[in-house]
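J.: Go by the hints and put chain B onto chain A.
Going down the list, the sequences are from chains A and B. Its first residue numbered 2, the first sequence is counted upward by one per residue in the numbering used here. Its first residue numbered 2, the second sequence is counted upward by one per residue in the numbering used here.
Please note: incorrect hints may appear among the correct ones.
Unchecked claim - Below, a list of computed lysine-lysine pairs in the DSS-like style, where the Cα atoms sit at most 25 Å apart:
#  : chain 1 : residue 1 : chain 2 : residue 2
1  : B       : K202      : A       : K255
2  : A       : K277      : B       : K202
3  : B       : K200      : A       : K177
4  : B       : K202      : A       : K237
5  : A       : K237      : B       : K255
6  : A       : K202      : B       : K177
7  : B       : K138      : A       : K200
8  : A       : K158      : A       : K23
9  : A       : K234      : B       : K128
10 : B       : K128      : A       : K255
11 : A       : K128      : B       : K202
12 : A       : K177      : B       : K255
13 : B       : K202      : A       : K177
14 : A       : K237      : B       : K200
15 : B       : K138      : A       : K202
16 : B       : K277      : A       : K200
17 : A       : K200      : B       : K234
18 : B       : K277      : A       : K202
19 : B       : K202      : A       : K202
20 : A       : K177      : A       : K102
21 : A       : K277      : B       : K128
22 : A       : K138      : B       : K202
23 : A       : K255      : B       : K255
24 : B       : K177      : A       : K255
25 : B       : K255      : A       : K200
26 : A       : K200      : B       : K237
Calculated from the structure, these hints are not laboratory results.
There are 2 protein chains.
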Amino acid sequence: MNSVYIIGIGLIGGSFALDIRKQYPNATIYGVDHNESHLDEALALNLIDEKAELSDLQNADLVILSIPVDAASEKLSTILDVVSDNTLVMDVGSTKLPVCKSVDNHPKRRNFLATHPIAGTEFSGPKAAIANLYQHKTLIICEVEKTAFKLQERALKLFSDLGMRIRYMNPEAHDKHIAYVSHLSHISSFMLGKTVIEKEKNERDIFDMAGSGFASTVRLAKSSPAMWTPIFKQNKENVIETLEEYIHNLTHFKAMMEQDDFEAIFDEMQNTNHIKDILNGIK
Amino acid sequence: MNSVYIIGIGLIGGSFALDIRKQYPNATIYGVDHNESHLDEALALNLIDEKAELSDLQNADLVILSIPVDAASEKLSTILDVVSDNTLVMDVGSTKLPVCKSVDNHPKRRNFLATHPIAGTEFSGPKAAIANLYQHKTLIICEVEKTAFKLQERALKLFSDLGMRIRYMNPEAHDKHIAYVSHLSHISSFMLGKTVIEKEKNERDIFDMAGSGFASTVRLAKSSPAMWTPIFKQNKENVIETLEEYIHNLTHFKAMMEQDDFEAIFDEMQNTNHIKDILNGIK
Numbered sequence: 002m003n004s005v006y007i008i009g010i011g012l013i014g015g016s017f018a019l020d021i022r023k024q025y026p027n028a029t030i031y032g033v034d035h036n037e038s039h040l041d042e043a044l045a046l047n048l049i050d051e052k053a054e055l056s057d058l059q060n061a062d063l064v065i066l067s068i069p070v071d072a073a074s075e076k077l078s079t080i081l082d083v084v085s086d087n088t089l090v091m092d093v094g095s096t097k098l099p100v101c102k103s104v105d106n107h108p109k110r111r112n113f114l115a116t117h118p119i120a121g122t123e124f125s126g127p128k129a130a131i132a133n134l135y136q137h138k139t140l141i142i143c144e145v146e147k148t149a150f151k152l153q154e155r156a157l158k159l160f161s162d163l164g165m166r167i168r169y170m171n172p173e174a175h176d177k178h179i180a181y182v183s184h185l186s187h188i189s190s191f192m193l194g195k196t197v198i199e200k201e202k203n204e205r206d207i208f209d210m211a212g213s214g215f216a217s218t219v220r221l222a223k224s225s226p227a228m229w230t231p232i233f234k235q236n237k238e239n240v241i242e243t244l245e246e247y248i249h250n251l252t253h254f255k256a257m258m259e260q261d262d263f264e265a266i267f268d269e270m271q272n273t274n275h276i277k278d279i280l281n282g283i284k
Numbered sequence: 002m003n004s005v006y007i008i009g010i011g012l013i014g015g016s017f018a019l020d021i022r023k024q025y026p027n028a029t030i031y032g033v034d035h036n037e038s039h040l041d042e043a044l045a046l047n048l049i050d051e052k053a054e055l056s057d058l059q060n061a062d063l064v065i066l067s068i069p070v071d072a073a074s075e076k077l078s079t080i081l082d083v084v085s086d087n088t089l090v091m092d093v094g095s096t097k098l099p100v101c102k103s104v105d106n107h108p109k110r111r112n113f114l115a116t117h118p119i120a121g122t123e124f125s126g127p128k129a130a131i132a133n134l135y136q137h138k139t140l141i142i143c144e145v146e147k148t149a150f151k152l153q154e155r156a157l158k159l160f161s162d163l164g165m166r167i168r169y170m171n172p173e174a175h176d177k178h179i180a181y182v183s184h185l186s187h188i189s190s191f192m193l194g195k196t197v198i199e200k201e202k203n204e205r206d207i208f209d210m211a212g213s214g215f216a217s218t219v220r221l222a223k224s225s226p227a228m229w230t231p232i233f234k235q236n237k238e239n240v241i242e243t244l245e246e247y248i249h250n251l252t253h254f255k256a257m258m259e260q261d262d263f264e265a266i267f268d269e270m271q272n273t274n275h276i277k278d279i280l281n282g283i284k
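Next up, chain A with everything else stripped away, as it sits in the complex (with noise of 0.2 Å):
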């Protein structure tokens, strides 16, 4: 790989550049950004060697597309007019299925696949990239199928250099389930942080009685709006099924208290810290 494209070089597309660059010292990283100043501190934190254009992309060996889903699905079609026939195109979005669909018809769709490293912080922009982000870390690849057999090659060395664990979905599976694992964790922590504030926004000192567990509930809730709209946006079926679903349950942990049935409390909460043994493993 000579030539790396990074289209939209923040948190996930600044550790790529830090990752590849390690791996393969040959290779120029090109970013891409509308976003002037973060394609100067790309340059200046060294993700980047240089600053290029979409029409630049035609010579490309990879590009990576880390831009909110809604900008990834309307511009991928671009993308893959102007790739040659030897460009790896890879999403990391959140959603599948959208940008998925965008291209279910393009002459190129082979060029493309579709990724979600399930990787990440609650920061944002390119100085929240971190080296060896994706070690250890779960990719989720869909419609895998669909992408030419010498790209997929390329691409399976690639996140093989990075330490990646690989799993196969198709495009609705991985937007349902992820509306469960992710979506969802990320409203409970914004409405969680909206409650708090509003209630306490005449006390502000009423913080220094937070500790971790507050800490670690609302971490989510410091996540960037511009990239996780979008995601809500493109999975409003499942993200309200799953919404529904907590909604649910937290009224009925409310009547049990109503009713002083503490019981039931207990067994609740016993019957959920086998969560536990599905966390292990996750860092």
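T.: Okay, now just chain B, sitting in the frame of chain A:
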């Protein structure tokens, strides 16, 4: 301090034992626990020097009552009956009004100090004890004026030796605000865990899709039901109020999604982003 009794030698009591042993090397630390195997573990881990009984408290300089809040409210009176005039008895529970009320008219009320260290993890039992757990953590003290001066002084020296920062509140305010910044987080986390486990019970490998965000948000769902059920019971009114507001906010978020009002969703998340500033300083 020569003689320290810790009643309930788990995460909280055990962590006090570790730090007291370091700061007061001449003190003998006694463990009292209805769970005999916890006492044996605490001995093996060198948290305590000797096992003891409630009836041995006569000569204690310090008694730390670190058992579930319902048991603490029940037993505190009996403990005060036994101790000498020179004994400081402190509880460390996550609710303060019931324990304060339980001894309001006790002839030895001035031997008691009501505290709540904002420290801990989702684990429990003697093996969960951690050295320096309390360093730089907030300790809330309630009704300090009801404790004898010389015992206040002893307590404040201890907290200072352990590196804690002190905040004084009345028990009503403590219980109201802690419902928001701690108790609600636990319920949101337990119900998130429940929602995901229920949905995904037949698809275990879906949890390969869960990342650090999910892990962070459901971490508290590993907490001990034996500890948390009595907290919810004792703080029922306040917790129900927080749940109502949380459910209201989630329902509103769902309605905005149903109405495709993603601008409002963006604003909602952006307004909550300043939780960043609030969390600064919470480890």
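J.: Any hints this thing doesn't respect? Which numbers, in order?
T.: 9, 10, 11, 19
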